[in-house]
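Enquirer: Respectively, the protein sequence lines represent chains U and A.
Under the numbering used here, think of the first position of the first sequence as 1, with each following residue one higher.
Under the numbering used here, think of the first position of the second sequence as 1001, with each following residue one higher.
Honestly, the hints are just simulated from the structure, not real lab data.
Partial pick of chain U residues on the chain A-facing surface, computed with a CB cut under 8 Å: (1) D88; (2) S97; (3) L98.
Below, a sample of chain U positions facing chain A; criterion: calculated Cβ distance under 8 Å: (4) G49; (5) A82; (6) G103.
No residue lacks a Cβ here, since even glycine has one placed at the ideal position from N, Cα and C.
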Amino acid sequence: MLEAHDLAARRGHARLFSGMGLRVRAGEALVVTGPNGCGKTTLLRVLAGLTLPDAGEIRLDGERRAAGSPELRAASTYCGHAHAIKDDLSARENLASLAALSGEPADDAALDAALDRVALRGRQALPARALSQGQRRRIALARLALSRRRVWILDEPATALDGDGVATLEALVAAHLERDGLAVVATHAPLALPAARSRSMVLGG
Amino acid sequence: MSGARPQDADGERDGALAGLAWALARDLRIALRTRSELAVIVAFYAVVVTLFPLATTPDRNTLLTLGPGVLWVSALLASLLSLPRLFAADFADGTLEQMALSPWPLPAIVSGKIAAHWLTTGLPVVLLAPLAALPYGLDGDAIGVLGASLALGTPILSLLGAIGAALTLGVRGAGGLLALLVLPLYVPVLIFGAGAVDAFRAGLGVDANLSLLGAGLIAAAVGAPFAAAAAVRIALD
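With the sequences and hints as input, model every part of the structure.
Expert: Below is the structure:
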């Protein structure tokens, strides 16, 4: 279970939110929506530990954890606006490299399966600069397919994906929730997640 | 579900080594794919070194005196030229975020990146030194001392430069600011590095200069990755 109490954050001098609380149980997805600039990305970065909040605390399984503490990092996968993809490496190399970096190294069979899952198998040897935006986003999806971390923090994961890609994303998140994982997803495009397992939260506005 | 266990010293060390090896291997692989960028830096070094004899005088004694200083200043400029590449690309494409979130310690990953930076920009300069010293008429032993001082000194340039590169992430006009920030830090390295060759030619021992460079290298290798990693976290916040 991931909880946050009394979170406050600002960007520059603008206060984005304060007194914000949230609770996501195992097997549950929290979908964060709201207008541009309301602080969705900042909230997710705070939860991932990239941005320090002005105030408030984060609890994982009831234990208070400092933002960005090793315990939080070891429990979560963050997928941001930038996909962390290197133009000069192939899709497969990018995926293997990212998986190792996040502490979940994958063997050849797992890489094959993940690339299959996102329909990039035929393109896996091409340097990433030859891929389209949507295909690059699919590499990020393949990383999710490999991740068994409990907490997924996804910032606009559907950007640049086609209908097929969005369906894959939805299936990946649904499978993650089935495994008792939990997810916090910021999105503009409505995602078809299992209704019983997802809640939504509107920021700002 | 395994992860970093910070209370476990062995696990911490293994994680640090794994992080260092990962970053080193990845940056070297990317550098090999973008060889032209590296060639530009080596070519820059070669051109600057060649310009001085053309611009000053063909007089043998003057060149002999100028040589070590010119070679060192050129090495320093070549290092400075390559520094923005160290973190900027990873910052722009989000890799730096993932590095900060990795269970491996960030200073270890940064160390690996710095090591790759030296291997791809510092080491070629060291290896090129005997050739670059030719126009200045340095003899074999003097070239040996110069090579030794460069081998000890150029890693310090990469280490100190990494702090500057991390501090100027996301700043407008980062290149110029980086030079202003880092060049003063390079001064002691320059003095002891070029000084080693001068001391040798004057018949004095070179031990003192090289020992100081070695001590500087150890201090920088221990401290700089932590400072650079802290600066990276600030840039990401």
